[in-house]
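Modelling step: build the complete structure from the supplied sequences, incorporating the hints.
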Amino acid sequence: MRNLIVAFDDLGRSVLRTVEEMGSILIFFVSVMVWMFRPPLRLRLIFKQMEFVGVKSLFVVVLTGTFTGMVMALQGYYGFRMFSAESMVGSTVALGMTRELGPVLTALMVTARAGSAMAAELGTMKVTEQIDALYVMSANPIKYLIVPRVIAGVLTLPALTIVADFVGILGGYFVGVPVLGINAGAFVNNITMLVGLDDIYNGLVKAAFFGFILSLFGCYKGFTMTGGAEGVGKATTEAVVLSSISILVSDYFLTAIMF
Amino acid sequence: MSVISTEAKVGLFILIALIILGYMSFQVGEYGFGLKKGYLVKAVFDNVSGLEKDASVVIAGVEVGRVEGVSLVHGKALVLMRILPEVMLERDASVSIKTHGVLGDKYVEIVPGTVGEEYLLDGGVITNVKKQADIDQLLRDLGSISSDVMKVTSSLENVISGEEGEANLKAIMTNTRELMENLNNIVKRNDEKVSVMISNFSNASKEMERAFTSLNEIVDKINRGEGTIGQLVKDEGVFDNLDKTIASLREIAEKINEGKGSIGRLVNEEETVDNINASLKSLDTSMEGINKYITKTDQFRTFVSYRGEYLFEEDNAKSYVELKLRPREDKYYIVGVVADPRGKRSVTDRTVDGTTSRIEEWDRNELLFNAEIAKRYKDVVLRGGLLESTGGVGIDYFAFNDDLKLTFEAFDFDSERNPHLKFYAEYGIFNHIYLSAGYDDFISDEGNESPFAGFSIKFEDEDLKYLLSNVPIP
Amino acid sequence: MIKLVDVHKSFGDNHVLRGLNLEIDKGKTTVIIGRSGGGKSVLLKHIIGLLKPDKGQVIVDGVDVAGLNDREMNEVRKNFGVLFQGSALFDSMTVGENVAFPLREHTKKKDREIRKIVSERLRAVGLTGVEEIMPSELSGGMRKRAGLARAIALHPQVVLFDEPTTGLDPVMTEAVNELIINTQRDFNLTCVATSHDMQSIFTIGHKIAMIYEGEVVAYGTPEEIRKSENPVLKQFLSGSLEGPINIL
Chain A
35 MRNLIVAFDD LGRSVLRTVE EMGSILIFFV SVMVWMFRPP LRLRLIFKQM
85 EFVGVKSLFV VVLTGTFTGM VMALQGYYGF RMFSAESMVG STVALGMTRE
135 LGPVLTALMV TARAGSAMAA ELGTMKVTEQ IDALYVMSAN PIKYLIVPRV
185 IAGVLTLPAL TIVADFVGIL GGYFVGVPVL GINAGAFVNN ITMLVGLDDI
235 YNGLVKAAFF GFILSLFGCY KGFTMTGGAE GVGKATTEAV VLSSISILVS
285 DYFLTAIMF
Chain B
192 MSVISTEAKV GLFILIALII LGYMSFQVGE YGFGLKKGYL VKAVFDNVSG
242 LEKDASVVIA GVEVGRVEGV SLVHGKALVL MRILPEVMLE RDASVSIKTH
292 GVLGDKYVEI VPGTVGEEYL LDGGVITNVK KQADIDQLLR DLGSISSDVM
342 KVTSSLENVI SGEEGEANLK AIMTNTRELM ENLNNIVKRN DEKVSVMISN
392 FSNASKEMER AFTSLNEIVD KINRGEGTIG QLVKDEGVFD NLDKTIASLR
442 EIAEKINEGK GSIGRLVNEE ETVDNINASL KSLDTSMEGI NKYITKTDQF
492 RTFVSYRGEY LFEEDNAKSY VELKLRPRED KYYIVGVVAD PRGKRSVTDR
542 TVDGTTSRIE EWDRNELLFN AEIAKRYKDV VLRGGLLEST GGVGIDYFAF
592 NDDLKLTFEA FDFDSERNPH LKFYAEYGIF NHIYLSAGYD DFISDEGNES
642 PFAGFSIKFE DEDLKYLLSN VPIP
Chain C
5 MIKLVDVHKS FGDNHVLRGL NLEIDKGKTT VIIGRSGGGK SVLLKHIIGL
55 LKPDKGQVIV DGVDVAGLND REMNEVRKNF GVLFQGSALF DSMTVGENVA
105 FPLREHTKKK DREIRKIVSE RLRAVGLTGV EEIMPSELSG GMRKRAGLAR
155 AIALHPQVVL FDEPTTGLDP VMTEAVNELI INTQRDFNLT CVATSHDMQS
205 IFTIGHKIAM IYEGEVVAYG TPEEIRKSEN PVLKQFLSGS LEGPINIL
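Residue numbers (the working numbering), protein chains in the order written: chain A, 35 to 293; chain B, 192 to 665; chain C, 5 to 252.
Please note that the accuracy of each hint is not assured.
As the list claims (entries may be wrong) - Within a straight-line C-alpha distance of at most 25 Å, the following computed DSS-like cross-link-like pairs (lysine-lysine) qualify: (1) A:K82 <-> C:K113; (2) B:K244 <-> B:K297; (3) B:K244 <-> B:K233; (4) A:K90 <-> B:K297; (5) C:K112 <-> C:K82; (6) B:K566 <-> B:K649; (7) A:K82 <-> C:K114; (8) C:K82 <-> C:K56; (9) B:K200 <-> A:K82; (10) C:K112 <-> A:K82.
It should be emphasised that the hints constitute simulated quantities derived from the structure, not laboratory data.
This one's a predicted model, so the numbers in the text were calculated from it and none came from an experiment.
Rendered as structure tokens:
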């Protein structure tokens, strides 16, 4: 009986904590939106973050994109060979990359690379009172630290995604045509026929949304962390987990709305 | 530290991404949804099962449009098709739904109507809807054939089965045996006569073979589409008239064998076919010339727009009134006036007692002018000229059926201050109403930077359009 | 100048400030002493408006800062400089950019002018030629100096010091004390410092306030404090285990 009561107590507490956290994320989101539209727009800071989130993630995104495209071509080939429809591999790779894997994998890689770094950096700044220092010098940390990161996330993710789409299709081509011997013309023709502009654009809209999610949650976890060096580590982990889950869950809903 | 600046790296990165996006946009989709080219025609079908949005619309196997949408009207399917503007359809053109291969996608096929007939306009309806000779129909026909076969076999069965039937069969067999015996006797008795008869038969079969060869040749010609009959056979549903066609074919073949009939001569005479082809061709060129003129005047369009922008930092509004002249789809001119709350800047150097002082004045009542020339490449518009009474350039990017416009402008280049940069997004919410938001003069070093939000109204001046289409355009 | 009236503040169950009253003199250095975790930093954060009191008033130049909105608070903060415990220099910027930060944020000065002020301020705290160095390459003492240079960049009237000498060796402690005294005199500052370093307290303080159990239990000049018969103060100054202070 006592155990039961304790269990209920724990359950209630965790529900309460979750609700509380959702509320505070919402408040955080609103204040970020408010500060985003208050001038001045700090272009230098945005460029700096775009370099960090975008340019420096380029290599890892190209790598994952290429290999994903190659694997899809290989897997698709074994399936389509049964129906002698090998040239469909091209459009399968292209549609898979542009609609789904391009945005999602890019977002997950950037979360791991940049989202975690945002949480760690802001957490460290909080521990060493740098965030207090910003307040004291009348520079709002949300405006100064978070808005540039969120804007950079929204702007760079679509750019990274289009690169991932492209190298993924290239990777699929190089596995499909020279290695597996699919007819090059049929391969390319299938892509241009079955892939529409909306497939690409919707993938990019998704990517922008994911960029917003990962930068917002990374910043949120870092900005609201407590408890010294250990807290920084915890905030980083939580930021990656929360962003990754949110990206995958919101992907479902975005797909349901768009396609 | 690295030599390349942050800005350069980011700029290069974004540039690469944009180039890839541009390349991919050009590759996919023959005419992207960015440019809403072409006019709409409608057709009502009994059944369009399997026909999807964006399916091809073809004439003679060449894609000339896409299916825009399918909807239900009074229990029938209304199919909206967008046809390329350079393709003109006659009022009596026929339309049918076909299938790629046996299990492939459905598409719409249009067969052009009579030459010289009036053309369909935007929103026109193709009334000549052909029943589809598709796989469903074929399967239905096959079903009825097999049921016929079944009926025959079952009646046969009725005849044969049962005691009575058995007795009949036995009687038939006995009769046959008797007949064979009699025949044998006759043959034995007339051995010589029989051998003569057989040689006659052999000669007759040789004659028959020759007749079949000539028939084959004729059918081949028809198949290749030579001559008017070929055209006729190709156009009509073979399935529907198969019996009739074969019957008449046999008749024709017989007549041709006998060397009779004008059709036979026509088929064999090469000259006649050439004459018909030549006259068709000359008609085609004259139509082309007419088409060119019609499309040209049709494309000249004029737009008038008002745009208001509320500058948050200035607490004031900036207004634009613009006239856009578009002689061709991908080229236009913009002239307009701008009312800026800051007004027009004028700089004068005044020398008093040897010291020169520069005086900057802002005249609030002065209007600014825009005069630009613009060229459109697919989804991107590059323009340049006079922007707010200073030299400048701009770039627009269109997406989502031209509903969304992203714009970046740079003007007022001056060595003493940063250029005036501006970017904004504009989105069409209703037919003529657009909402916009952006950042004006965002690298100003004089504190002029301000975010803004606003709206614009655009409409095409129909009256002006008709007036101008009567004036010859160089 | 700065006046705290009946300030209460709790964090959860922890009632840190319990009706604290304190008046800080203009143009003097006031040192706040007390036990670790006794509310000294919390008190400083109330003065600068980073924390708002649950009850009571914090009056700066006759205005209750607890009731100000962000914009008004920012105006008040321009008169303040703060030297944080760990200096709180921004890791991502060079020392020069750190010192220039408040100038860029709050003034419309041109680049050249800002650079001149930065090197002036750095010289005032005894640093030269460090503008292009990253803070992580500086020693603890040099970081304090750079932090102070940033705190006085806007020429504020009030500078707050949060544990300025904690974690420094005795020689460096003396050097920082010297620096605080000189800067206070040269710029005619009102200084508020928290500390539990006995040497510093009596070297830099014109006035000393002792916080115990969330209240000011003693306030006066160094002389008065030294002579005080207050048992809490006596135990704190002598560092004795015997007395009213509950060690657990």
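Verification of the supplied hints:
1. Taking the CA atoms of A:K82 and C:K113, the gap is near 23 Å; set against the 25 Å cutoff, the hint holds.
2. With a CA separation close to 10 Å, the supplied pair B:K244 and B:K297 stays within the 25 Å bound.
3. Between B:K244 and B:K233 the alpha-carbon distance is near 14 Å, which keeps this suggested pair within the 25 Å criterion.
4. For a cut-off of 25 Å, the pair hint linking A:K90 to B:K297 is broken: about 47 Å separates their Cα positions.
5. Proposed proximity of C:K112 and C:K82 is supported: the alpha carbons are some 14 Å apart, at most 25 Å.
6. Between B:K566 and B:K649 the CA atoms are separated by roughly 19 Å; this keeps the pair inside 25 Å, and the hint holds.
7. A distance of roughly 22 Å separates the Cα atoms of A:K82 and C:K114; the hinted pair therefore holds under the 25 Å criterion.
8. Between C:K82 and C:K56, the direct Cα distance comes to roughly 18 Å. Compliance with the 25 Å bound is thereby established for this hinted pair.
9. Between B:K200 and A:K82, the direct Cα distance comes to roughly 10 Å. Compliance with the 25 Å bound is thereby established for this hinted pair.
10. With a C-alpha separation of about 23 Å, the suggested pairing of C:K112 with A:K82 holds against the 25 Å cut-off.
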